[in-house]
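Construct the entire structure; sequences and hints are all you get.
2 protein chains.
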Amino acid sequence: MRLIPRGGLGQIGKNMMLLECGDDIVVIDSGLMFPSEEMLGVDIIIPDMSYLLKNRDRVRGLVITHGHEDHIGAVPHLLQSLNVPVYATKLSARLISMGLKQKGVKVKAQINEVPPGDVVKLGCMSVEFFPVCHSIPDAAGLVIQTPLGTIVHTGDFKLDHNPIIGEPTDLHRLALIGTQQVLLLLSDSTYAELPGYTPSEQTVTESLDRIIVGAQGRVIIATFSSLVARIQQAMDIAAKYKRHVFVTGRSMEGMVKVASETGYLKIPASTLSKYEQVHNLPPDRVVILTTGTQGEPTSALVRMGNGEHSQVRIMPGDTVVMSATPIPGNEALVSKTINKLFRLGADVVYGHQSRVHVHGHGSEEELKTILNLVRPKYFVPVHGEYRHLAKHAKLAEDMGVAGENVFILDNGDVLEIGVNGAKVVGKVPAGDIMANGLITAELDGGMLRDRRLLSRDGVVVVAIVLSRETGKPVGEPQITGRGFVGAGDCNELWSGGQRAVASAIAYSQGAGKGRSAVEASAREALARYFYEKTHRRPVILPIVTEV
Amino acid sequence: MRLIPRGGLGQIGKNMMLLECGDDIVVIDSGLMFPSEEMLGVDIIIPDMSYLLKNRDRVRGLVITHGHEDHIGAVPHLLQSLNVPVYATKLSARLISMGLKQKGVKVKAQINEVPPGDVVKLGCMSVEFFPVCHSIPDAAGLVIQTPLGTIVHTGDFKLDHNPIIGEPTDLHRLALIGTQQVLLLLSDSTYAELPGYTPSEQTVTESLDRIIVGAQGRVIIATFSSLVARIQQAMDIAAKYKRHVFVTGRSMEGMVKVASETGYLKIPASTLSKYEQVHNLPPDRVVILTTGTQGEPTSALVRMGNGEHSQVRIMPGDTVVMSATPIPGNEALVSKTINKLFRLGADVVYGHQSRVHVHGHGSEEELKTILNLVRPKYFVPVHGEYRHLAKHAKLAEDMGVAGENVFILDNGDVLEIGVNGAKVVGKVPAGDIMANGLITAELDGGMLRDRRLLSRDGVVVVAIVLSRETGKPVGEPQITGRGFVGAGDCNELWSGGQRAVASAIAYSQGAGKGRSAVEASAREALARYFYEKTHRRPVILPIVTEV
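Keeping their order, the protein sequence lines are chains E and W. According to this note's numbering, the first sequence is numbered sequentially starting from 1. According to this note's numbering, the second sequence is numbered sequentially starting from 1.
Heads up, a few of these hints could be off.
Any copy will do: because identical chains look the same in the list, a pair fits if it lies in one copy or spans two.
[Said to hold, decoys possible] Computed list of lysine-lysine pairs in DSSO-like fashion (alpha-carbon distance at most 27 Å, straight line):
hint, residue 1, residue 2
1, LYS423, LYS377
2, LYS108, LYS54
3, LYS121, LYS90
4, LYS368, LYS274
5, LYS103, LYS533
6, LYS101, LYS533
7, LYS423, LYS108
8, LYS377, LYS240
9, LYS266, LYS101
10, LYS427, LYS336
11, LYS336, LYS368
The hints are simulated quantities; they were obtained by calculation from the structure and are not laboratory data.
Right, dumping it as structure tokens:
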């Protein structure tokens, strides 16, 4: 049996995982990643699927743990190349269908809704979905029976014993499985470095209640659109205090629609209102639910902070609740948004101290609970950066898993488990595939390096015309540029550059060389001239036309 | 009397502050800022000094609170334009002199060392330096006597009652001043949103001791080079356990030299060692002190993580201590560094839980202590983002300062304080001046926008030659580009682009237009063609030569 994790951007095993057994392959999740700051101009990253496509005849199905974009966002890309049956719980299935529609995917997808507890047979493996608690409803863990033994995959999870929506993580099922020798546990490592327990979502209820009851004006609550439990709480508390709720932000509006249609969100009677309705109410009768907790430039909250939201104008007396923590890398954008809201006179409630958010993943003691219940022979920490996996691996050893049976895998590593043991036997392609407009290709280091250079000191172009007959320049070299210097400094630099190029060409022509020599000497002359004048190194593009 | 704060990058009043009284101006600090992520290609930001230069005859002196770069980094720029006398405590004075030398500043600077407690007369104002505790030795707060009353400026401070180096913040002096009606308090707001007290630097001693005594191998401690107290602790504990200390990283080596020469750092006998010496010792006899806690790409720790440090190779058994927290915006780089160190087999100690760092600024209760001791009539929170100032302002009101006497100023705001009250009366230039190579200019939004565009989808250049006689194109349009598509996709796109441009020019020529029409139609044709083919929008630069 072989296990191949596929993450991306350092989140190992996060977005896709392959299980091979005999002639059968089961795919777990197919998610996308958002590019990090240095991946200039990249829209999204999807997992390299070449290994799957090469083995297309063996793929029995795609099993989905939950409906977050980093677990379902690449399903459209996968189905376009390989229309394999998909198995998911109800909400995840709906979100996948929505995604296929939004991306205009033409294939007739086979999406199967699987109720928690059900078992799906996929070749020689069978996959049972069990409920886990996470920051989106209807999340599942997997119990996979294979000829070699039982595998438990937690998916993204935490142990909230009384969640706002749905079932708590099914500890009874895990306890029962744990009494029968489990071969392998794959467990979520995202918060392996946090000690203790992640607090219950119920603790947020208390904070939101206190804030809403105490607010003299409007309360604007921003959170993740997929965090339906938070939306439910906000609506319930608003209803309790007879406030009307206006929902704004495209993804939030979409999720409120899907989650209420599917019955996960129960909107209290006469609470949800249109803007025209809340606009005429006193401020202390209004709650606004919105997105933008990550400082995303086009989100509703950021537009409010910029005074650019078409309906909501922030005013003194407003209370804005940032009911989320910044995802690593977004801190600066979030901070900027908070400052802008304060400047407009709002009181902003944010940060750990305010207790208006809890994580969606389990902390150290929860990971230990799972390890203790499942008692696996082999353990592979998944979903996390290397340091999280290392911490989780150490936890597993502390909990009694033999050190040689704990594997920290890298994306693409092939772990082979047999009757006599397990080891990493090779690697399959697992590069980051970038989607940038219509172009989908492996990340091109050279292209990204060029973009980085362009972004530092801009670009200068010099056009040179050569006579085909004499090999000599015709007319003056023409120079233009972008992003190198401010408008005021151009003219002098351009004319100096023209002179530098002209004399460099004259010299290289004298040496009787051709077109590429002209380009090289123009580039060199300009680079030297500009560095001398500015101590900066723009990208220099010479372009020679022969007439 | 007029007060003009000058910060930059949202840190209001952080880097420079002007006090005007009658005909006299006193400048407090002259610091630089590091650019945020979106300021592509900018090296450093310095405060706009045009208002100072315009009033150069009235400037009596530059008073420095402490030696961090965000308070002294722009001194070389200021002195080059205005060679005003500088007043600073000993370590700050030495660091300023070093900075002038490193930048090759030719002016003969008048740098005066002022012992804490001393008073300097500057026009109608007199400035007394009093010791405050901060994350660099020899930090000072200021008591400024003016004809209108007393001003207290805390500088950057915290209330560590038993600091490792130097005096605690002088509460007696502040208590005494507080009994005489203080006109105005300016106080550090950096950590106004943290409740309670910032723990003493002594708490770090316990953690470092525990880590070093427990480590089987080498202990590599990374911290800020200016955090001399941390360096002192690391050396003392190393000496206690008979470990030798090797110092690496240019800024750390420099600071160890300056701080030990000036007597702030007391290096225990036979502790400091060269690499050749520690290289031959057993790993449990070695401590390495280094920089790189912010994930700076060229720092010693990051080079170790990349396996590129010329001397130190990370090996299993090493313990790396990140004795600092990431400065906002650096989180992703720091995280990447930690992952790399784990991959190389090191155990990495980091984060709040590990108690290996304390902040250099006071938390809420400390700010309240100062407000309570000083009891000012007017209060201006300084040093912080808008949200920190807003929190600090609210604290001041809670502590009894009249709401109408609390001013949240923006950079460049002019607060005029008279016998009958205070109000903001205007604004002076306070833009961010960017230093990028030799060019020092106000941040040019257009240029930064161009760099942003270039960084997203790269650049495509098209060179067109026109006959001066006929106005018709001569030869083929030539196309090249950078950062737009990977090398493999170029050829087809370039030749398609050539055809698109050629036919567009033919058409616009038919309409009998000139050179700029040719450029416009080439740009438009290429933009349309590339968008159709790739859904991307590179910057397009047409360049026409007439022959």
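Here is what the structure says about each hint:
1. LYS423 - LYS377: This pair counts as within: shortest intra-copy Cα distance 13 Å, inter-copy 72 Å.
2. LYS108 - LYS54: within (22 Å within a copy, 72 Å between copies)
3. LYS121 - LYS90: within (18 Å within a copy, 77 Å between copies)
4. LYS368 - LYS274: neither (46 Å within a copy, 44 Å between copies)
5. LYS103 - LYS533: Result: close only across copies, 18 Å inter versus 50 Å intra.
6. LYS101 - LYS533: between (55 Å within a copy, 22 Å between copies)
7. LYS423 - LYS108: neither (39 Å within a copy, 69 Å between copies)
8. LYS377 - LYS240: neither (50 Å within a copy, 44 Å between copies)
9. LYS266 - LYS101: within (25 Å within a copy, 69 Å between copies)
10. LYS427 - LYS336: between (42 Å within a copy, 23 Å between copies)
11. LYS336 - LYS368: between (38 Å within a copy, 26 Å between copies)
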